[in-house]
Amino acid sequence: MSTTTAGAPPAAVPPAARVETPFRRFVSEFAASRLALFGLVLFCIIVLVAVLAPWIAPQNPYDLAQLDIMDGRLEPGSVGGSGITYWLGTDDQGRDMLSGIMYGLRISLTVGAGSAILACLVGASLGMLAAYAGGRTDSLIMRLVDLQLSFPAILAALMILAFLGKGILNVVIALVVVEWAYYARTVRGSALVERRREYIEAAQCLALPTHRIIFRHLLPNCLPPLIVVGTMQVARAIALEATLSFLGLGVPITEPSLGLLIANGYEYMLSGKYWISFYPGIALLVTIVSINLVGDQLRDVLNPRLKK
Amino acid sequence: MSAVLEAPRAAAQGSVPIIELRGVSKRFSNPLDFAGRLVKRLGVKVREDVVHAVDGVDLSVRKGEVVGLVGESGCGKSTLGRMVAGIMPPSDGQVVWRGQDLTKLSGADAKRAKLRTQMIFQDPYASLNPRLKVAEIVGEAPQYHGLVPRGGLEAYVDDQLRRAGLDPSLKRRYPHQFSGGQRQRIGIARALAVQPDFLVCDEAVAALDVSIQAQILNLFMKLRRELDLTYLFISHDLGVVEHLSDRVVIMYLGRVVEEAPSEEVFARPNHPYTRALLAEVPRIEARKRVFAGVQGEIPSPLNPPSGCHFHPRCPFAFDRCRAERPALKQVAPGHRSACHLNDAA
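Going down the list, the sequences are from chains X and H.
When we follow the UniProt record's numbering, the leftmost residue of the first sequence carries the number 1, and every step to the right adds one.
When we follow the UniProt record's numbering, the leftmost residue of the second sequence carries the number 1, and every step to the right adds one.
Worth flagging that the hints you see were computed from the coordinates, not collected in a lab.
None of the values given here were measured: they were computed from a predicted structure.
One thing to keep in mind: the hints can contain errors.
[What the hints assert, rightly or not] Residues from chain X shown here face chain H by an in silico Cβ test under 10 Å; the list is partial:
id: 1; residue: Glu201
id: 2; residue: Ala202
id: 3; residue: Cys205
id: 4; residue: Ala207
id: 5; residue: Leu208
id: 6; residue: Arg216
id: 7; residue: His217
id: 8; residue: Pro220
id: 9; residue: Asn221
id: 10; residue: Pro225
[Unchecked claim] Some residues of chain X that are not near chain H, with every Cβ distance over 12 Å (derived):
id: 11; residue: Pro76
id: 12; residue: Ser125
id: 13; residue: Ser139
[Claimed, not checked] Simulated restraints, written as ranges between beta carbons of each label pair:
id: 14; chain 1: H; residue 1: His176; chain 2: X; residue 2: Arg143; range: 47 to 55 Å
id: 15; chain 1: H; residue 1: Ser29; chain 2: X; residue 2: Pro252; range: 36 to 44 Å
id: 16; chain 1: H; residue 1: Ser106; chain 2: X; residue 2: Leu144; range: 28 to 36 Å
id: 17; chain 1: X; residue 1: Phe151; chain 2: H; residue 2: Asp209; range: 49 to 57 Å
id: 18; chain 1: H; residue 1: Pro130; chain 2: X; residue 2: Leu35; range: 28 to 36 Å
Every residue, glycine too, gets a C-beta built ideally from N, C-alpha and C.
I would like the entire structure built from these sequences, with the hints used as guidance.
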C-alpha cells in the first residue's frame, strides 16, 4: 500500500526478466576472451591429470619396485623390458617420463596452490589489520612488507631452505614467507579505499563489532584484487618451486616435482637425450601460461578502470 | 555558557535535550613523519597541518524537533553530524546524550545509545554494501542485537521495507539493481530497523533528482509523525531546510554563526553571512535578478582567518572583527547570533 504512494516503481527491474547478478555478468565478461577460456580449459585438464595421476599414469614413478634401471634413458616411444611403452621416454633411473610428469604436476600444483592459499591467509589478515588499525601497526607491517619486497624472492627462499632443509613442507613455508607481502600490500590498498566508504560508517553506526565489520563488510569488497594477485602468485609459486628444486634445495629426489625432473635431465641435454628435461619443461610452461591467461582476464574483468 | 542559556528554555518547554554538544571541536592533523620530526629537532620550524573541522560548537536538539544544519561545503557540518551520531569521537568537548556523556559510556550502554541515534548518508551508492542483499543489509543489525525474536526476522525486514516505501518482494536483490531513490529508502529502512528515535540526515537528498527529493522528504516527515522521531537535518540547500525544520543552525568554517527558529531566520536573519546566503536562494518570482554571490572563496580551514572567520568576506567588517572571536549572543528570544555588529548597535 505504501509502495504505491511512495511511487518507487519496481519497474526499474522487471520481475519477469532474468536477474543479472554480479556473478552472471562476471562469467559472461570472462568468457568474452577466447584465449582466457582456452587457458581455463587447459588449466582444468592439467588439474584433472594431476589429481587422477595414480589411476591414469602407466607407472608409479615413486615405487622403486616398478622401475627397471635397464630401461634408463630410453627414447620416447620405445618399449621397455616389462612390455610397457614409454611414450615420452625414460630418465636415467628408468622412470617413465609421462608418469613422472603427471606425478610431478601433482607436487608442483600442491606446492603452488598450498603456498598461495597460506600466503593469502597470512598476507590478507596482516594487510587488513594494517589498513583498519592504521598508525604504528600499519607502519610496522608495511615496513616489513617493504623489507620483504626489496629482497630477491629466490635468494630469500634459498636462505630459508638452506636453514630448514629439504622437504615439501619446508618449500611451502619458504614460499609463504617470500609471497605474503604481495597479498598484504594488495589488500591494504583496497581496504584503505573501501573503509572510507559510507557503508562502513553505516555498519559502525549500527554498533556492529569490529571483527564483523572487517570480515563481513570490508573483506568481501577487497576480494577482486586479491583473487587476481592470488592467481598470478600460484603461477609464480610453481615457477619458484621448480627453480628451487632445479637448484637442488626443493623437494626430495625420491618424489620429483617438475623442476627436479628438469634438473635430472639437464646433464644429458648435450648428449642428445633431450626428452628428460624437455617434456617436463613443456609441462611447466603450459601450466604457468594457462594460469597467467586466466589471471590476466580476471584482472581485466575485475578491475572496473580497465573496462572499455 | 550555552548550557546556562539553554536550561531555562528547555525547562519551560518541559523537555530535556535528546542530544547536547558542549564546546565540541574536531581537529584532523597530519602527524609529522620521521624526517619532519628530525628537522624539527634540529631547530627548523615545521608545523603539523591541523584542520579545525569543527571549532567549539554548542548545540542542543530537543525531543521531537527538526533542526536544520546549514553551511557551505567544507564548513564541518558533516563532521559535526558524525560526532552526533557517535561514529567519530570529538577532539574536545562533550557530546551529551540524554544527560550522559557519550564518550564515557561503555559496553551495553554505549551500544544502546549508539543504536538510538542513526544516520542517513548522502551517497545512496556508497552507503550500501554492494555484496549484501537488501534483506541482509536491513536485517543484519536487528538480528545481531537481538531486536527481533528468532524466526521473526523475515516479517520484521518486510515491515521495515514497507514502512520505507519499498516492495518487500525485492529484498532478495542487490543494491545495484535499484535506483538512487530506492537505495536511499533501503538506507532509511536499515536505520529504522534498529528502532532509533533520532536520525542524523547528512545531505540525505542532495544526490537525488528533485522529484525524488520531494518523495524522500515527505517520507521523512511521515516517519516523524508515525515514530515520533527527532532529526538533525544537514544540508546546504536552504529551500529544503526551510521546508522541514523547526530550528535552523548556520555554520561557517567550523563555527556556529547563527541559530534561530526557522521562520525567524528566514524573516529576520541577523548574521551578515546568513543574510548573504538567504539573498542568494533562487526563487521563481525573482527570475530576472542578478546574483551577487558571497564575495570570495571560503578560506582554508588549515589557516583560518583571525577573529571572526567571516571577516575577509564580510561587507560590514571592522577592526574588532579581525581581532576577536565573536560569541553567540541572544538577539531575540530563541535567536542567537555571533556578530560584533550586535554589540555596536
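Consistency of the hints with the structure:
1. Glu201: With Cβ-Cβ at 5 Å, under 10 Å, it holds.
2. Ala202: Ala202(X) check passes; min Cβ-Cβ to chain H is 6 Å, inside 10 Å.
3. Cys205: Cβ of Cys205(X) sits 5 Å from chain H, so the hint holds.
4. Ala207: Result: holds, 4 Å to nearest chain H Cβ.
5. Leu208: Given a least distance of 6 Å, the restraint on Leu208(X) holds.
6. Arg216: holds, 8 Å
7. His217: holds, 5 Å
8. Pro220: With Cβ-Cβ at 4 Å, under 10 Å, it holds.
9. Asn221: Where the cut-off is 10 Å and the nearest Cβ of chain H is about 6 Å from Asn221(X), the hint holds.
10. Pro225: Not OK, violated: Pro225(X) not within 10 Å of chain H, min 14 Å.
11. Pro76: holds, 51 Å
12. Ser125: Non-interface label stands for Ser125(X): nearest chain H Cβ at 19 Å, farther than 12 Å.
13. Ser139: violated, 9 Å
14. His176(H) with Arg143(X): 47 to 55 Å: violated, 38 Å
15. Ser29(H) with Pro252(X): 36 to 44 Å: Hint violated: Cβ distance 57 Å, outside 36 to 44 Å.
16. Ser106(H) with Leu144(X): 28 to 36 Å: holds, 34 Å
17. Phe151(X) with Asp209(H): 49 to 57 Å: Holds: the Cβ-Cβ distance is about 55 Å, inside 49 to 57 Å.
18. Pro130(H) with Leu35(X): 28 to 36 Å: Since the Cβ atoms of Pro130(H) and Leu35(X) sit about 29 Å apart, the hinted range of 28 to 36 Å holds.
In the structure shown, a violation is registered for the earlier hints numbered 10, 13, 14 and 15, in ascending order.
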